[in-house]
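Next come the chains, spelled out residue by residue.
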Amino acid sequence: MIDFELDEEQKMLSEAIGRFAAERVRRVYREADEEGQIPADVLRSGWELGLLPSSIPEEYGGFGAHSAVTGAIALESFAWGDLAITLDILAPGLVAIPILLAGTEAQKATYLPPFSQEEKPRLTAALTEPSIHYDPRHLKTTAALRDGHYVLNGVKSMVPLADEAETILVYAQESDGRTQGFLLPRHTPGLTVGEREKLMGLRALPTFGLTLTDCRVPAANKLGGDAGIDFEVILNHSRVALAAAAVGVARASHEYAMRYAKERIAFGEPIAHRQSIAFMLAEMAIDIDAARLLVWETAWLLDQGRPATQNATVMKQYVDEMVLRVTDGAVQVLGGHGYIREHPVELWLRNARGFATLDGLAIV
Amino acid sequence: MISFEIPERITNELQLAKMVAEQVMRPKSRYYDEYEHERPWEYINVMWPVLRDQNKRRFERQASNGSRPQREGPDYTILRLVMLVEQLSWGDAGQYLCTPDAALGGAAIEAVGTTDQKNRFLKRFGEGEPKWGAMAMTEPGAGSDTSAIRTVATLDEKTNEWVLNGEKIFCTSGSLALEESDGFVVVWATVDRHAGRAGMKPFVVEAKTPGVSIAKKEEKLGIRASDTVAIVFNDARLPYDHILGSPEVQQVDAASTKGFKGAMRTFDASRPVVAASAMGIARAALDFTRERLAEEGIKVDYTKPRFTWTAVERDLIEMEARHKAGWLLTLRAAGLMAHGKENRLEASMCKARAGETATWITQKAVELLGPLGYSRELLVEKWMRDAKINDIYEGTKQINLLIVARSILGYTRHELK
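Those protein sequence lines, which keep their order, are chains A and B. Offset between the first sequence (1-based) and the numbering used here: plus 18. Offset between the second sequence (1-based) and the numbering used here: plus 26.
Keep in mind the hints are simulated off the structure, nothing from the lab. Certain hints may be false.
Partial list, derived from the structure: chain A residues whose beta carbon lies under 8 Å from chain B [to be verified]:
1. PHE22
2. PHE81
3. HIS151
4. GLN191
5. VAL235
6. ILE289
7. LEU312
8. TYR336
Straight line, CA to CA, 25 Å or less: simulated SDA-like cross-link-like pairs of lysine to any residue [stated by the list, open to error]:
9. B:LYS423 - A:ASP346
10. B:LYS443 - A:PHE297
11. B:LYS325 - A:GLU250
12. B:LYS330 - A:SER175
13. A:LYS126 - A:ASN239
14. B:LYS423 - A:LEU342
15. B:LYS44 - A:GLU250
16. A:LYS280 - B:PRO265
17. B:LYS367 - A:MET19
18. B:LYS443 - A:GLN293
19. A:LYS280 - B:TYR437
20. B:LYS330 - A:GLU339
21. B:LYS246 - B:LYS149
22. B:LYS330 - A:ARG282
23. A:LYS280 - B:LYS367
24. B:LYS325 - A:ASP248
25. B:LYS325 - A:VAL251
26. A:LYS280 - A:PRO203
27. B:LYS423 - A:GLU339
28. B:LYS443 - A:GLY353
29. B:LYS367 - A:GLN28
30. A:LYS280 - B:ARG432
Using N, Cα and C, we set each Cβ at its ideal position, and we do this for glycine too.
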């Protein structure tokens, strides 16, 4: 039966993350963006919230069950605090969730139990490629089976935390044209991590390019074993995560713009008393709510195990444009002040611009 | 718990509505658009027996239940209504508006009428020939600003009758209700011109009441199958108990706008219904455009990367995205009501967005189909004309944005005019 109410567990999770975002993340995110570095204690506390272990079943050392809807709710709260810090804290999920969804028993037994430990596992994933023609379903990075090993060649970009990763899940195209995932130890010969990337937004998140030259991994390192994975499912889960994060960024901008508009006096009264401003804020609120419903619907389809590619594509189209409209609108409401880095709306606009590009940077 | 599952009993009913839409409404869509003041009897005759029997069973159930509290759990009524209206509007929005039922007038009686009034005015919808109910609020000088209503009801103490004088316009199904069936119109009038909103009261005006006349049948941009009239009240006399709710004009501030708030309360249900109608028209245009383009070999591949989308594919995906957004906002507003939750803000959100979206999608469909879109041989241009009303009635987009803005900013109408 149609219902849009969070259950008790989701409410508690969303509140706990919301508190962390408001009390810890919002104190440091601006400086983190300027410095390109996130304070270690915030990252540690964020990890201790236990969002990823709560998606992992008990038999693999976690304490919960996986749900894309719950993940989307959590991501929105998290990203409301700051997108870069969220993506840093959740980076190991880029390996955990695909393994949970599609990994072999051996892969689950190896990679999932460390998630219940105090230390954040040093895991990340590489999907995006530095090309205008980037297409996750037809990657230029290739994986060829040779003597019981896969040999990978190609170039990747926007790989978060690659410098300190122990294992990187690299997506590549197999000879049959399908996208598959391969678990590469960081020190695989031929795998080079490039310089830290300089991005328009997400400046607090260290991301790197990778070069793969004849990187050999045992066939057992292929995600899902011989049969491989249905990449559509992984991609859709990832799109839900990023779209949910986009809703969080949009909500942050909208709240800030509303507060500002109620305080900023022009011509003798708050600018929010004027319909030209108030209507912008109303449209933004409707946009954000609509986007959240689209995200939840796709997440719900995924949780039901139903086909979701069409929904995910349509949702992504809506959300990518929504988050730009809203964050741009927030800068506009603040006028000249919105352009100054004293206010966070310019940061949110820079981060928002990435959503159309940032494939595979989060997954729930 | 978050769910997008539509209950099976609703999906079954939707199958029937789809058949009516395809086999009864669509074949006559063009005809009733061209012959504006004729009535879509094929549709009315199919719907009336079904609705009549449903109403009859409902009245019987209500009578036997007496004052027992309603059963636990969600109330499907509004969700069912929203989904049926979407499907019927996908068929033909103008014909759908001629559905023989008590409509908004009935909703007002259900909301504030006494048991005796409900019996007297609503029972007729469970028996006999097709009937219509209607609501008359708008006046030449009072559109969205309903507190400016000038129609006056004066109590004649000698005969204990209300005497109505004034003029109402844009009354949907007004002629069907007053002249073409034994229906009624709920008319909003003031009992005290100086009391503002506190003086505004709803009155039930029966069909064929002396002093009530249809002054004009409107000719419209779209939804031409729907009957829209102006009504003039010239010393129209109503029995005393045709007033709905209390006749008192309370000047205590909190309670003084109760009558008016009663009217506003019905919008919480009617706005999602109008939004649903808009989304039904939008889906008709979207489905048709997609089918026609597919015949030309243009089909959206949802797995293609964005940089390879053609302009047409991009438009289609954007239409689909906006359609989904409008529809989900509508379902949310209805879903909240089904679960017994407050939905004032969400009702205005869905209405503001759905009206605009349907207008945009149908215009885009006309554009994408080129000369075919502009031709009256096809229905696309009609859907574009039909869609526009949803951006206007039950509160224009602007009025609904105003409600949304005040709500999110925590402003009263004094702070945000």
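Status of the hints after comparison with the structure:
1. PHE22: Holds: closest Cβ of chain B sits about 5 Å from PHE22 (chain A), inside 8 Å.
2. PHE81: violated (20 Å)
3. HIS151: Where the cut-off is 8 Å and the nearest Cβ of chain B is about 7 Å from HIS151 (chain A), the hint holds.
4. GLN191: Violated, because the Cβ-Cβ distance from GLN191 (chain A) to chain B comes to roughly 14 Å (cut-off 8 Å).
5. VAL235: violated (27 Å)
6. ILE289: violated (11 Å)
7. LEU312: holds (6 Å)
8. TYR336: With a closest approach of 4 Å, the TYR336 (chain A) hint holds.
9. B:LYS423 - A:ASP346: Measuring from Cα to Cα gives roughly 22 Å; hence the hint holds.
10. B:LYS443 - A:PHE297: holds (12 Å)
11. B:LYS325 - A:GLU250: Holds, because 20 Å separates the two Cα atoms, which is no more than 25 Å.
12. B:LYS330 - A:SER175: holds (20 Å)
13. A:LYS126 - A:ASN239: holds (12 Å)
14. B:LYS423 - A:LEU342: holds (23 Å)
15. B:LYS44 - A:GLU250: violated (32 Å)
16. A:LYS280 - B:PRO265: violated (51 Å)
17. B:LYS367 - A:MET19: holds (15 Å)
18. B:LYS443 - A:GLN293: holds (8 Å)
19. A:LYS280 - B:TYR437: holds (10 Å)
20. B:LYS330 - A:GLU339: Holds, at about 18 Å.
21. B:LYS246 - B:LYS149: violated (32 Å)
22. B:LYS330 - A:ARG282: violated (45 Å)
23. A:LYS280 - B:LYS367: violated (28 Å)
24. B:LYS325 - A:ASP248: Holds, at roughly 24 Å.
25. B:LYS325 - A:VAL251: Within the cut-off at roughly 23 Å; holds.
26. A:LYS280 - A:PRO203: Violated. LYS280 (chain A) to PRO203 (chain A) sits at ~53 Å, over the 25 Å cutoff.
27. B:LYS423 - A:GLU339: holds (21 Å)
28. B:LYS443 - A:GLY353: Satisfied, since the Cα-Cα distance of roughly 22 Å is no more than 25 Å.
29. B:LYS367 - A:GLN28: OK: LYS367 (chain B) and GLN28 (chain A) at ~19 Å, within 25 Å.
30. A:LYS280 - B:ARG432: Holds, at roughly 12 Å.
In this structure, the hints that do not hold are numbers 2, 4, 5, 6, 15, 16, 21, 22, 23, 26, in rising order.
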